[in-house]
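*Asks:* The chain contents come next:
Protein chains: 2
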Amino acid sequence: MSSWQEIRSRDNPQVRAIRRWLNEASFRRREPWLVLEGDHLLTAALQAGWMPEAVFVEEGREARFAAVLEALPPTCARVRVSAPVFRALAATETPSGIVARFARRMLALTPEVLAGRDLVLLDGVQEPGNVGAILRTAAAAGVGAVLLGPGCADHWAPKVLRAAMGAHFVLPIAAIDDPEPWFAARRGRVFATALAEKAVPLYALGLKAPALWLFGAEGAGVRPEWLAVADACVRIPMPGAMESLNVAAAVAVCLFEAVRQRLCQAKKGVVS
Amino acid sequence: MSSWQEIRSRDNPQVRAIRRWLNEASFRRREPWLVLEGDHLLTAALQAGWMPEAVFVEEGREARFAAVLEALPPTCARVRVSAPVFRALAATETPSGIVARFARRMLALTPEVLAGRDLVLLDGVQEPGNVGAILRTAAAAGVGAVLLGPGCADHWAPKVLRAAMGAHFVLPIAAIDDPEPWFAARRGRVFATALAEKAVPLYALGLKAPALWLFGAEGAGVRPEWLAVADACVRIPMPGAMESLNVAAAVAVCLFEAVRQRLCQAKKGVVS
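The listed protein sequences derive, respectively, from chains A and B. Under full-length UniProt numbering, think of the first position of the first sequence as 1, with each following residue one higher. Under full-length UniProt numbering, think of the first position of the second sequence as 1, with each following residue one higher.
Misleading hints may appear alongside valid ones.
One copy or two, it doesn't matter: identical chains are merged, so the pair holds either way.
List time: in silico SDA-like cross-link candidates among lysine to any residue, alpha-carbon distance up to 20 Å [unchecked claim]:
#  : residue 1 : residue 2
1  : K208      : S3
2  : K198      : Q265
3  : K198      : P172
4  : K159      : S96
5  : K198      : A63
6  : K208      : G142
7  : K208      : P95
8  : K208      : M238
9  : K159      : A217
10 : K198      : D11
11 : K198      : E62
12 : K159      : R187
It is worth saying that the hints were derived from the structure and are not from the lab.
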């Protein structure tokens, strides 16, 4: 195991770069690295084969992270930092004691990766917690990729990374300005969730074939130009006295209805 | 319509009380009123028959809220406040321009209200956005009540109110210390979500009868004493490479699977 470096000043260039990454979306977009906080996210990244460049541990807490530190590649720098420096590196209010800097890896969005799988396209979903939860749900449901249209939260933002709980390491994700090529290349059907009365109830749809799902922002919904491309507008039947679901909840209900129908087709003891 | 009052000082006692309500959980718990921000939540509360005591509008934005102001009961005070005072009253970073104070109304948690309906009991769900999304989902699914066990976010917290989007006005909600009476009084089955391999896949469960659902915190899950009461531990089948869903997503998948099975029973053109 390589020896420890020490940082005791918040003016250290490495510390300043990470602080800037945490606070500036425009800086994050052009830098080819990202920062993960907490041993859960770090472990998920390591398990997915991501290579950390440097790990920063708050002094006195090294023993707690023995398992993670053991799993680091020899090329990864180990840096022990003072408590005030660690607070500068942490994005959370209750810092976890460990932060790592990784070279950013994009999972390729190729037709091969996506053949035979669902795609999700989000329109204007701003709230980072929702975007993160949607990425996590999509990864769990085995979706091929998530495309973030205009107005969506930056998927590398610290809050999105935290809420996604490692989805970034197993799921191709791309921010796109124009979904036309994706509409043009599609092989399956396109479904858009909408509150319209004429929309088809989710449970009346056959979802066994791969589809492209469109989900819109709270209130505004999916923009009309995209709705026009959809083969069907879909609504989730709601017996209770609410108009709509949170977008992340709606995504979970739709994607897992597809999971259910496919399991049912495979005859795995599913209740109809 | 009653005439406008004016407040131009943040030291006004009404303003100070609202600020304290926004910032102090212990104060919120003992005060019999609550604060709602934005015309969407206000309208939902008015539609549900809640009576505002006072409405505070940022000066210059009165015309934007004409419809809401028109719908106010004559007993409700209308207060025009300066922009700095409004910023003191608002919990959000992009203030909506309207805030109202309501007498708090608890929907009764009686056996009659709950007969023949699902119940949801949460264990240690701390994150306000998750608790709010769960309340919204439960209300949409027609659940009878949501019980918040120890360690859950305060359901009157501003972030929970915002995320629940009006669920508080249509759904009985109670914070409880001890679920034993609820377990003892139950008529249907008790299901707990768990990651255990021996858990029953959700889609193999018959969910047409009312049930009590237990959902636990991220990581820790439902506490063992409560799990022991469950008739079945349930897992959501996940074809993708993730260990678990966000708790609010898991609630949505489970409760809407019950919605689907009941619609299917009612033969409303549901795909099996």
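*Asks:* Hint by hint, note whether the structure agrees.
*Replies:* Do the hints match the structure? See the list:
no.: 1; hint: K208 with S3; in the structure: neither (53 Å within a copy, 60 Å between copies)
no.: 2; hint: K198 with Q265; in the structure: neither (28 Å within a copy, 22 Å between copies)
no.: 3; hint: K198 with P172; in the structure: neither (33 Å within a copy, 31 Å between copies)
no.: 4; hint: K159 with S96; in the structure: within (15 Å within a copy, 23 Å between copies)
no.: 5; hint: K198 with A63; in the structure: neither (59 Å within a copy, 33 Å between copies)
no.: 6; hint: K208 with G142; in the structure: within (13 Å within a copy, 27 Å between copies)
no.: 7; hint: K208 with P95; in the structure: neither (43 Å within a copy, 44 Å between copies)
no.: 8; hint: K208 with M238; in the structure: between (23 Å within a copy, 16 Å between copies)
no.: 9; hint: K159 with A217; in the structure: both (18 Å within a copy, 18 Å between copies)
no.: 10; hint: K198 with D11; in the structure: neither (59 Å within a copy, 52 Å between copies)
no.: 11; hint: K198 with E62; in the structure: neither (59 Å within a copy, 35 Å between copies)
no.: 12; hint: K159 with R187; in the structure: neither (33 Å within a copy, 41 Å between copies)
Hints 1, 2, 3, 5, 7, 10, 11 and 12, counting from the list given before, are not met by this structure.
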